[in-house]
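Protein chains in written order, with our numbering: chain B, 1 to 250; chain P, 1 to 250; chain U, 1 to 250; chain A, 1 to 250; chain Z, 1 to 250; chain D, 1 to 250.
Simulated from the structure, these hints should not be mistaken for lab results. All C-beta atoms, glycine included, are put in the ideal place defined by N, C-alpha and C. Treat the hints with caution; some may be incorrect.
[To be verified] Within a straight-line C-alpha distance of at most 16 angstroms, the following computed EDC-like cross-link-like pairs (lysine to aspartate or glutamate) qualify:
#, chain 1, residue 1, chain 2, residue 2
1, A, 231, U, 144
2, P, 2, P, 69
3, P, 231, B, 144
4, B, 231, P, 144
5, D, 231, Z, 148
[Said to hold, decoys possible] Residues from chain U that keep clear of chain A, each with C-beta distances beyond 12 angstroms, as calculated:
#, residue
6, 31
7, 135
8, 195
Residues per chain are reported as follows:
6 protein chains.
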Amino acid sequence: MKLLLINPNISTSVSQLIHDEAVRSACPGTTVEVLTARSGVAYIETRFEAMLGAHAAAQLAAEHHAGADAVIVAAFGDPGLLALREVLPCPSTGLTEAALASACLLGQRFSIVAISQRIRAWYVETVHAYRLEGRLASIRGLDESLTDIGNVQGNQGDRLVALAESCVREDGADVIVLAGAPLAGLARSIAGRLPVPVVDGVSSAVRHAETLVRMGAGRARTGSFAPPPIKPHQGLSKEVAALLAQAPGR
Amino acid sequence: MKLLLINPNISTSVSQLIHDEAVRSACPGTTVEVLTARSGVAYIETRFEAMLGAHAAAQLAAEHHAGADAVIVAAFGDPGLLALREVLPCPSTGLTEAALASACLLGQRFSIVAISQRIRAWYVETVHAYRLEGRLASIRGLDESLTDIGNVQGNQGDRLVALAESCVREDGADVIVLAGAPLAGLARSIAGRLPVPVVDGVSSAVRHAETLVRMGAGRARTGSFAPPPIKPHQGLSKEVAALLAQAPGR
Amino acid sequence: MKLLLINPNISTSVSQLIHDEAVRSACPGTTVEVLTARSGVAYIETRFEAMLGAHAAAQLAAEHHAGADAVIVAAFGDPGLLALREVLPCPSTGLTEAALASACLLGQRFSIVAISQRIRAWYVETVHAYRLEGRLASIRGLDESLTDIGNVQGNQGDRLVALAESCVREDGADVIVLAGAPLAGLARSIAGRLPVPVVDGVSSAVRHAETLVRMGAGRARTGSFAPPPIKPHQGLSKEVAALLAQAPGR
Amino acid sequence: MKLLLINPNISTSVSQLIHDEAVRSACPGTTVEVLTARSGVAYIETRFEAMLGAHAAAQLAAEHHAGADAVIVAAFGDPGLLALREVLPCPSTGLTEAALASACLLGQRFSIVAISQRIRAWYVETVHAYRLEGRLASIRGLDESLTDIGNVQGNQGDRLVALAESCVREDGADVIVLAGAPLAGLARSIAGRLPVPVVDGVSSAVRHAETLVRMGAGRARTGSFAPPPIKPHQGLSKEVAALLAQAPGR
Amino acid sequence: MKLLLINPNISTSVSQLIHDEAVRSACPGTTVEVLTARSGVAYIETRFEAMLGAHAAAQLAAEHHAGADAVIVAAFGDPGLLALREVLPCPSTGLTEAALASACLLGQRFSIVAISQRIRAWYVETVHAYRLEGRLASIRGLDESLTDIGNVQGNQGDRLVALAESCVREDGADVIVLAGAPLAGLARSIAGRLPVPVVDGVSSAVRHAETLVRMGAGRARTGSFAPPPIKPHQGLSKEVAALLAQAPGR
Amino acid sequence: MKLLLINPNISTSVSQLIHDEAVRSACPGTTVEVLTARSGVAYIETRFEAMLGAHAAAQLAAEHHAGADAVIVAAFGDPGLLALREVLPCPSTGLTEAALASACLLGQRFSIVAISQRIRAWYVETVHAYRLEGRLASIRGLDESLTDIGNVQGNQGDRLVALAESCVREDGADVIVLAGAPLAGLARSIAGRLPVPVVDGVSSAVRHAETLVRMGAGRARTGSFAPPPIKPHQGLSKEVAALLAQAPGR
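Sequences and hints are given; from them, build the entire structure.
Structure representation (structure tokens):
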């Protein structure tokens, strides 16, 4: 099985973190490939940055999905995921969607620990879009500016643990979700330090992607995740155009 | 006052409909300019198409917002609107947001009449994202394929009226929202035929944009609509890069 | 265009504030008339006081709406607004409804800054009745007794600004709504002092009323905002009786 | 124990129905007095009519509550109830609030059977205001005009039963609420004909009022149901003025 | 009238508290019998303990309901109540359900004061299952371990009052619910000390049970509270088997 | 890895279906053991039956969890699952929880196809308890009595497919969940016949259980899923008593 992970941001240091945790998490026999966005920002905190990431990820997915058994949008917030699910012939998931699915299997209410204050509004909207706000205990974030996005875990590890402890003690979290590709692998290293289960987005996405492939649940030929109706278009890359050339009801 | 309307789709016939209704709706002294996306699809029905439209609209907004007093995303679903609100120095709105604001001033529950069945899921998600589902009575859509997106009103006018009547009679709608730029101007022509108030997205957006300009409520310097934090980026057009170069707290 | 603003309270000093901000906000060519309730309380903080205000406002609207292009209930909480919308032949709005519509066009989550602690429960119920709780970040209120309702801005201006800042910083508000007719005009004077957009009820109501008139969306002939079915009544003023004598389906 | 029931409408025939069911429902030793509004309409179907009824009921309550152990607003929709709860020194309830409390003790989801189509929007808003929409299965109403409000049960009894049966079979109702004072006593006569428990507003209100009196839970001296803060007023009846003269924290 | 109260826990000291408050609350002519679970834990704080209590209560109800006019599950959280409502021929209620019904008749938002921190999650889920979260202001609990469950009121009375005061002052509670059978009778003794109405579960349950009996609303013969469809079973006590032998549509 | 599946019902024919689908779904190296309840009913449709199943499942889990890497409650509705999660030292899941997690990874809105009409209310409450109602498009069920619970697929296969098609076409389902252990394996056989992805509870539970084991997210030592506080108990089996003897904070 081959999984294609797409980092919708330009940070190759984060792509390396994603790759390492994906390899650690995958079943024997699963191979992982991580792509890094050609355009965009270092990491996504806002709606505008997410819009840029969604577009960059879609282009990469269009170019590289052939041969992959599943595609993973490898940023918290899942920029472009639901859009890709309409057009990709294989299963797809994202770090948020997958981490929340894991969290829901481990407890009733989860908290999200994030890399910044600013990112919280976007995460709230992401959880709301998934209609999982009823399971959300809180979102807490670091309040310092990030000087090295590839080394947040090293620089801020203790603060992140302290935030998680506050989520448990003050907000009633049953589970902690460590949010964002820059934190990939942190759950693995700190799990023993927290009094509740801890969830990582990359490992959740890898495992749930493997499950989706093995389930073979089939692709939507109708409904809101079928390919879009055929219609005129212009100015798109030939790879994106090819995704739009699928007959919806095939 | 100058309003910049951006059609995130490639259909110039729809841009003409937008332009005509915008001119009819604007106050004396307001000028309107309508831009058409350079890339994308003929009209948006799905999340993937909306993602393409959002990106195309953002590029046009980045290039052309200078000199505009307000920017309008001129497609129902408002692709990219909240993202643009973070980075544009002037007020912005979109057809859905504005039409729903109008509808909420005219009654408690509104129904949306749309150009296709497929588009309904995307509209539900748009209304949900605006947290206005409590005001939504129903969404009904045409069930025939659209052969000429610039002439839906002419080809399907009576069917659209019949759908609206069903929304009132069966779904309890207090107000009808005619959704989608291809229906721009229809509310004006059929208003007398329906037993409840009818709302048009383009005219609502023009009027509310004028109000936002005149209110001078100020721009967010903090919170989730302040400009994104400065961070590394690559591969973006110089106009988009300029939007990202604003100091958040300026 | 003529707008009729009805202060459902007896405070002529507040009516003056309403008048001044309405004049400042109205388009050229719009005239405003402000009426003050003949009976009721100095300002509304509770459900019982709102009930008194609704009744007084309805009587004034019945007597004076002829000749007005739109009617505005000029107290936060909009006492009687939805009731009047059923019976008035012209568009109507209120300070809360209009301010919330403005806020929703400026950000995703708004906070309300209010003149007292006691008033908060009534405001929560008002926002809930409009099914906009999903957009509400918080309500904060002054905690001192009000000795001069016509001069709250002067006496409490700095405290109100401080409350607004707390809403932004602690509650995640994207927009601040300054609530209550006694604060009419305050948004205009403090807007520059806050880091997010600020909304005033009176100016919002005036502008949205102008828009509703110009939209000409039509009046409900059926549904929940059509005139009530004709039925026996007694003991009503002749003006209210006249409102009830309209055929619903005319 | 003495219960004061206030019909906020002018129909003495309905007041007689209320009286008869109240007498049938009350405990031995409980006396009931039913007052009829001096002004208003024959029966309430809309927000405007409810506003008139609330004001008329408040005036009667102010005049006559002395000597009563509890006050009941005897119309579905409970016009003015929450307002009165702030100012009355004794417990109060209303037909909707009480019927819904009964229904919630008998099943998870209730349907409301009503006397007209038009009344449904107002009932939805009433249930929403009580934040009980999660328990509401449906509202179904008669679709004929009512020629004799005092004899709806006689004229429309079989149709009302058929509506209730549809609520059970099609809408999943566990309990039926027969709504509106004109249906007082119908639950008693048709209970055996329906396959689920049936609830009457008047008998529920009488019984719950008795319980509230016997509970002696105390009156709010603070919070949103304490008496309103003392403030200037004018133009009110001396009885209403007396209600407003109570010190909140007494 | 005879009421059967079932303590789903093994604490006879708590059963005594239940009995005493039930006797104080019941109407003349009502007799009360309190049974104590033969198996289970001293008091319920978690889902597992509630599951044990539900099963023990069901067995007692099956054995002893004959001759009772109503059955009360006498623990907060109402373990097994909705299950019993399907199979018992007489009305049933529980401490939470009944206390919340009382609270909803006394104010818009209630807070729950509980005997421990741990119990709060279970209470949140109970209120959620009743779809009454919109009425819930907060849940606050003691944070010390309970050494003598039959004497919590004596040991912790002042702390419980302080918690209730915080609910009113900080959380906006209109009503306080004192939760849990170990607090039976406390509302009666402290009511005067709190500035809002206070509700007790046992007295609420006794009074509402009396009302349900007197209402005679009838039993569900269809819908989700009708007896379960007849089907094979094994290993059940003869009393439980008898409950399952009822024809659903009898 | 060893998975323990517990059928909370007495039907060995259904246990065989569970076993067969679990074996088909499990990874190489995973062994499955299926236990059948010693007491209870043939299949669960109601709250009372679920309460019996929860208790029977808990007893089996207490007796047999040693040596298992994860425990699965193998009935839709997950009777007792959240209770077991508090006390079991290994991960646990259930058919509903797992199927819904799968469905949420495949689309935005799912419908549930069930074996009877009666079962729908219980399923609604289960989905509500998981706070996933926002993802639920509809629940449709067979309307014939089930004569052979072990052969529902054979007898009713075409009807179940037709129900699923209605969910897609009329209710807007993106994904179909085939609910109930008696349908274990049906998704596998009919997947190609439906135009959207189809999810099976048993295979989802097996796969997600494998993921939970491999994630090693850790067990709650605090919060609502930590072991219950130690307290007196009586009348419990020694295996259940052992579960209650765990120190919460170990």
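Status of the hints after comparison with the structure:
For the suggested pair residue 231(A) and residue 144(U), the alpha carbons sit about 14 angstroms apart, so the restraint of at most 16 angstroms is met. Only pairs whose Cα atoms come within 16 angstroms are accepted, and residue 2(P) paired with residue 69(P) is accepted, the gap being roughly 5 angstroms. For the suggested pair residue 231(P) and residue 144(B), the alpha carbons sit about 14 angstroms apart, so the restraint of at most 16 angstroms is met. In summary, the hint linking residue 231(B) to residue 144(P) is supported, as the alpha carbons are separated by about 14 angstroms, within the 16 angstroms threshold.
This hinted pair checks out: residue 231(D) and residue 148(Z) have alpha carbons roughly 11 angstroms apart, not beyond 16 angstroms. Taking the minimum C-beta to C-beta distance to chain A, about 27 angstroms, the non-interface status of residue 31(U) holds against the 12 angstroms cut. In this structure residue 135(U) is separated from chain A by more than 12 angstroms, as the shortest Cβ-Cβ distance comes to about 16 angstroms. Listed as a non-interface residue, residue 195(U) keeps its Cβ farther than 12 angstroms from every Cβ of chain A; the least gap is roughly 31 angstroms.
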